Amino acid sequence: MQRILAVVAMLFAFGFALPAWAEGGGEVAASAVAAVADGGTANAVVAAPVPDKGDTTWLIVSTLLVVMMAAPGLGLFYGGMVRAKNMLSVLMQTLVVFCMLGILWAIYGYSLAFTEGNAFIGGFDKLFLQGVTADSLAGTFSKGVVVPEFIYIAFQLTFAAITPALIVGAFAERIKFSAVLVFMVLWFTFSYLPMAHMVWFWAGPDAYTSAEAAEAAGATAGFLFQKGALDFAGGTVVHINAGVAALVAAIVVGKRIGYGRETMAPHNLPMTMVGASLLWVGWFGFNVGSNMEATGVATLAFINTLLATCAATFAWTLIEWARKGKPSMLGAISGAIAGLVVITPACGFVGPMGSLIMGGLVGVVCYWGVNGLKHALGVDDSLDVFGVHGIGGILGALLTGVFAAPSLGGTGVWDYVTDTVAEYDMVSQVIAQAWGVGTAVVWSAVVSFIALKLVDLTIGLRVSEEEEREGLDVSSHGETAYHA
Amino acid sequence: MQRILAVVAMLFAFGFALPAWAEGGGEVAASAVAAVADGGTANAVVAAPVPDKGDTTWLIVSTLLVVMMAAPGLGLFYGGMVRAKNMLSVLMQTLVVFCMLGILWAIYGYSLAFTEGNAFIGGFDKLFLQGVTADSLAGTFSKGVVVPEFIYIAFQLTFAAITPALIVGAFAERIKFSAVLVFMVLWFTFSYLPMAHMVWFWAGPDAYTSAEAAEAAGATAGFLFQKGALDFAGGTVVHINAGVAALVAAIVVGKRIGYGRETMAPHNLPMTMVGASLLWVGWFGFNVGSNMEATGVATLAFINTLLATCAATFAWTLIEWARKGKPSMLGAISGAIAGLVVITPACGFVGPMGSLIMGGLVGVVCYWGVNGLKHALGVDDSLDVFGVHGIGGILGALLTGVFAAPSLGGTGVWDYVTDTVAEYDMVSQVIAQAWGVGTAVVWSAVVSFIALKLVDLTIGLRVSEEEEREGLDVSSHGETAYHA
Amino acid sequence: MQRILAVVAMLFAFGFALPAWAEGGGEVAASAVAAVADGGTANAVVAAPVPDKGDTTWLIVSTLLVVMMAAPGLGLFYGGMVRAKNMLSVLMQTLVVFCMLGILWAIYGYSLAFTEGNAFIGGFDKLFLQGVTADSLAGTFSKGVVVPEFIYIAFQLTFAAITPALIVGAFAERIKFSAVLVFMVLWFTFSYLPMAHMVWFWAGPDAYTSAEAAEAAGATAGFLFQKGALDFAGGTVVHINAGVAALVAAIVVGKRIGYGRETMAPHNLPMTMVGASLLWVGWFGFNVGSNMEATGVATLAFINTLLATCAATFAWTLIEWARKGKPSMLGAISGAIAGLVVITPACGFVGPMGSLIMGGLVGVVCYWGVNGLKHALGVDDSLDVFGVHGIGGILGALLTGVFAAPSLGGTGVWDYVTDTVAEYDMVSQVIAQAWGVGTAVVWSAVVSFIALKLVDLTIGLRVSEEEEREGLDVSSHGETAYHA
Amino acid sequence: MKFVSAIIKPFKLDEVRMALAAVGVQGLTVTDVKGFGRQKGHTELYRGAEYVVDFLPKTKLDVAIDDDRLDDVIAAIEKSAATGKIGDGKIFVFDLAEVVRIRTGESGTQAL
Amino acid sequence: MKFVSAIIKPFKLDEVRMALAAVGVQGLTVTDVKGFGRQKGHTELYRGAEYVVDFLPKTKLDVAIDDDRLDDVIAAIEKSAATGKIGDGKIFVFDLAEVVRIRTGESGTQAL
Amino acid sequence: MKFVSAIIKPFKLDEVRMALAAVGVQGLTVTDVKGFGRQKGHTELYRGAEYVVDFLPKTKLDVAIDDDRLDDVIAAIEKSAATGKIGDGKIFVFDLAEVVRIRTGESGTQAL
Ligand SMILES: Nc1ncnc2c1ncn2[C@@H]1O[C@H](COP(=O)(O)OP(=O)(O)O)[C@@H](O)[C@H]1O
Ligand SMILES: Nc1ncnc2c1ncn2[C@@H]1O[C@H](COP(=O)(O)OP(=O)(O)O)[C@@H](O)[C@H]1O
Ligand SMILES: Nc1ncnc2c1ncn2[C@@H]1O[C@H](COP(=O)(O)OP(=O)(O)O)[C@@H](O)[C@H]1O
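Residue numbers (the numbering used here), protein chains in the order written: chain F, 1 to 484; chain C, 1001 to 1484; chain A, 2001 to 2484; chain W, 3001 to 3112; chain E, 4001 to 4112; chain P, 5001 to 5112.
One or more of the hints may lead you astray.
What the hints assert, rightly or not - Pulled a few chain E residues facing chain A out of the computed Cβ check, cut under 7 Å: (1) 4042; (2) 4044; (3) 4045.
As the list claims (entries may be wrong) - Which chain C residues face chain A? A few, computed with CB under 7 Å, are given here: (4) 1258; (5) 1259; (6) 1302; (7) 1310; (8) 1314.
Just so you know, these hints were derived from the structure itself, not from any lab.
Predicted, not measured: the structure shown is a model, and the values here were computed from it.
Glycine included, each C-beta is placed from N, C-alpha and C at the ideal position.
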């Protein structure tokens, strides 16, 4: 234990020290959000943009909804699926990972993801959130529309902190708590932050005043942003990223003792249902909040998030009914989550009928993901993180390229220079999407593998067999979930 | 099973085909919401109304709150009250009904309920939500105030999808899953959609520019709207409608095996409490969201929803304490739900003291509804849907006519022609309310009875005795809620 | 029982009668909120302020979030920690206390707390909310910015009703239900209402037009407001107030039978976790809603509420890991609550790094509060209300004085006369904070002690030994939480 | 004295208890158990994982009685617990060496 | 060898266990059971439905012992489990034909 | 006839059941119990409260058998339930006076 604490402390120290050291040499880049405000002042002596209180309210609500996804949503969703003796360990892992990474986000995460750097990672300008005050503003996707920067930071914090927590489902019931923490710090730093920067970092709409300005601005954007990959709310950054990490983790950590021989039925499916439902509710914050404004497009993202989930739930129910003879509740809610995953990158780009179709498809595809594919892979991804988030995320990323087409009821892509919808080329858009998928798969797999091996070689990944038998609640946390 | 799937598929096909066929002959009516926007343009070259982001945010939040009522709220509320062996079946029924009807709402429900048709049902103009984009607008209850149509559709979707789900409580623990689905499609189509159209459809406030215009506009409104029945958030459409269907369903489906002899105590009251609480929280979206704007009246609706619930909870606690010697927690939360039901039609019309009194009354009346009345009826309405929603809904509809009176602290009724509060005639208002009650009772009863009989004759309503004994979780869904 | 009901009825009658009687002699003071509106009219013929819909939406959401804290949040958080046989009693106590006090708030609480009276208590101008309509407005902390008064009343209702409910944790598992109710009415009336008036009542920002006006206005403010004590969202009024009452109550009521000998392990920690999580989510309404506007400062309060909680959770985890060898989930969520408590008075005043530090400190201090201090006190404060809320509240109140300093990243204190940030004197601010702490400790302790003794002498505080053994669910409420 | 231990279907408990009361049994002890036998179980499916559940919920009922009541008791249980379908359960009879009532210290037949 | 099976009030478990330890018992097995007897139950009320609960939570304690310890064991249980109120429970004594310790295969007295 | 009651580690249940099936046992009854013995428990900590948990989850397995199967059954359990670590459990053997199959009324060996 002593040793583990030392490692954790060291990693933290590292977190604090690295940036301080780096600061000296770090280039002083105007941050994306600053650019917005600056843009306003530069062009003319116009009034500085003021946040709309409706937008601010919506972002506040969105952010607290994502907090609710992390705790209790994800904890319950996962916790209900493990055996009773490991319930608390799952709740603990998801909660503490979220909190720890929330701290790191404020210390260096936000700066590395959302300030200008190179195409793969940002800079050190906002370490410790320095310079940000209650009056600081962040840009949105509309010219001249801003929101308070603190809520933007908080909103993005919840994404950055919940994404790694998703991976917990892959190695639940057998991993050391200390290993979880150390792995998460590494993965967050080397996989989440770069991916977020690659996909989402750009100079903001106000920089796109002319074709030349757009080109200049474009060159500062993240790698995948430049490729033109669309990801409204995190299909690539969150779901593929975490899903692939989960698959790698399940392989490296190995199967649970008794896997395939002993019964490992979910200990409390109603809890899983509560968790899934709260994930759904919270996902409205996740998806719609990603619009950053309470506009008509926000309401499009909303209804898509609603309809895709309905369709996927119903589709999974029907396919399971047809193939296994009985439709299960766990199936229905697995469908719901799959629907939420698939619509995440698409929700602001496709039309409601597109979302119904995407939901229907993902219900069937992820059903296969946790049945056929899982058995083919032969991996103990305990709670099917890859089968649902990985597969659903990949499907969603690709289909976004299809159903975003105005001809299929989508919104197309906005051209900030002409301030109109651009011509839509489905093939090239799907290729752009495939770039996103490919990059996420490879990057996350490599980082995950190295990080896990490092942890395994230093503090070890798994608890002892006896501890696993006894259950992690007692052996790792000294408590029991239920008493009479 | 094969056969059941075929039926479900057929019903869906019907859902898709009917409108397509009908479209040819369907009259091209200007929809209510279009009317609003048009009105603006027609009268003068004024700026088109733009949604306020505060309103949009509030409607987004309201809608996700009602989603939370459906899942996990209602599922837990009901699920906790059944025996453990049927827990998942209840969660499954409420969830899948919600999702299935959400899909149907987008396909034909919204169009039939909220476009112009006759006094009893709307038209086919917006099948598949055709023509609706992120820029489409829907009117509110204030002239010149609009909201994005997508969020209006989504908000109303949640109402349309949760109302039928309420009925599940009546035949829980014994019904076939396939029978639930087919019945719900029928009831939704033939009872919910017409009732919603009858009560809520109107041309919007902007049509009421003069007495003549008002008369013309009035003639296009729904049957009960024309009668002047007040229903702020769905007392008639939701609670009486579902409550009566529940009573009929409980009678037609018959009692549970062992009813009255074996113990059927709630298996997990804390879950029921969580469900009830989330219903309460979500109900703020339900009731206050029905105002469609974040105005002072919205805050009136809010505080009424809060106070009526407090009063009803406290009243049920006291009456049960006085009559049975001990106040139960199930009683307290039953009171809370009753309070929410009673204030639903009234919340934007009565004053806070009115809501306290209404809450106090409904606590006592529904206490009688699930005790005296229930025993008198001798029906196994398993989770007292009629006793709470039916009785509470009727009481609420009638009392709305009383306490809406300005003399009793109510707001009275707004006259959109003169833009002032109209003279208030309590007697005629109560009569109008009674029209609403009577129509809902008869309509819902007839539709429910026919629909249930149809289902009984085709696929059958009940599972076998052995399956009922074993519990629906295992026999219908192949899973068990709890494991060690 | 008869006798108890009589007592409750009498207390209610008292609640109704007292104000009616007092009204005659009560001075007719302009209420704080009226002052705001008046101020506007008086100074010039300016347009009356209109509420921003974004603000209104945020306050609506905030209020429903605090409702969610009460039910199910607090009930689950506490309920999971008691033994199964007392689960429902805890849910019942928290719920019914909340509802009962909600009623009393509308009847006389709001008037006594938030109308002008003397420095310790308000007046009777708004008994039964008389005079308040959907058009009434309440001031905020910005000049000329108003919100509908109903939502302000509702928001404050939730504070007033949940604070006493916190105390339930101190005497859980052994107290009479009737004793809870009567005690709560007394404590609410004589401790909560005065404290709220002392800390929060003031004439509103619009009164601060000049130094003289400010002085005049200041003289009408509450005692601690005049002292300059900062309490953004209720550290003093809510947490110290309730925490101290809990300590006194635990002493007066005495230990549970078997305390220290028999196992009293939490019966369902996942429920406690769900409760804690919902408290966290709801607390964003509690803290950020206290800003009353969706401004940049609101987002500061938000991110502080997020970061302090993350830090405290992580800190408790580390200290417990280091000292006991295993980090427990109950510890982690106890840390989360402690973090929320500590940041409550500070959230709008300190910077994000300040909140990280405050969170880290409180994690360690409250860990000591429920371990070292608790054993030293030798009191059976069943669910550690004092150790978490009391200790955390005191720490938070004092540290607010430290980290509010602009030199430490805080916002300092606003000077409404000059409309700038005032000079910050840390020492005098900490002294002001200490005044708040001291007043709350003494006032609450005295009121609690007298109220408990009164109850003990009249209806008695504790159930019989046999009833305590059997569990309060069956003996007091006639029901059982769980069945197969 | 005899100790009769019967495994029955859970929903039969109340009937059996009343049948036993009818033959003069005043006390009994009940345990939730899981039984494995000729009665077949069912399959449960959780996403990709399929589990065959052979253990079915049963109720065990223990009654200590006087020797001369044995036949009545067996007959009462047999009759009230039977549904005629597989899985109705078994009655096991043991010799009981001694009984003590804790409250009074009485032993033997008096303690029953 | 003897096998003593005692039905006691649940909150007495720790006391009884310590009393047994005092007379040299080193192992025992505990089961949650529900008892029906002279001790009356209570009524529960769920909205309109009233249920009389006759089965009360009890704890069953099984101890296998050497014959010569029987009296001590009975006395220990009797004393530590008694509250003097109805429902204190019963002690049943059976003859035990054989015992085996699974880990070692030892049998008879050694296996206790 | 004999009645064998074995206390085993819960995760061994499936193995033991299969071992018993292999020696011809067709029915058995299982109960969740808590055991106290040489195997040490663990400590749980809930904020300031520390509880030593001595009772460990065990599974009790009851099998009624013909006398001549006894040795096989004991051997099967012994082998399949053993891990070699403390706490593997015990096998208790009782004489069984009578068995009745409720469904058919058969008794004695036929009823097993
Ligand atoms: N040999 C046995 N020893 C112990 N319990 C048994 C035995 N055989 C059956 N049982 C119990 O009796 C129950 C019913 O037995 P089963 O074979 O399913 O039906 P039936 O009693 O109708 O023949 C089983 O579930 C099990 O609990
Ligand atoms: N004849 C019996 N057979 C089996 N268990 C019995 C019998 N009589 C009583 N018990 C058990 O003993 C418990 C206590 O018995 P009860 O009659 O209530 O009180 P007392 O032991 O004080 O006479 C019962 O709850 C039941 O579990
Ligand atoms: N004398 C006894 N009477 C009843 N049950 C016993 C007895 N001794 C042990 N047991 C049961 O056997 C289990 C295992 O015993 P233990 O002493 O821990 O290990 P081992 O069987 O390896 O010696 C205990 O948990 C308990 O359930």
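Structure-based check of each hint:
1. 4042: holds (6 Å)
2. 4044: OK, holds: residue 4044 (chain E) within 7 Å of chain A, min 5 Å.
3. 4045: Holds - the Cβ of residue 4045 (chain E) comes within 7 Å of chain A, reaching about 5 Å at its closest.
4. 1258: Violated, about 14 Å.
5. 1259: violated (16 Å)
6. 1302: Holds, about 6 Å.
7. 1310: holds (4 Å)
8. 1314: holds (5 Å)
Violated hints, listed in ascending order, are 4, 5; each of the other numbered hints is respected by the structure.
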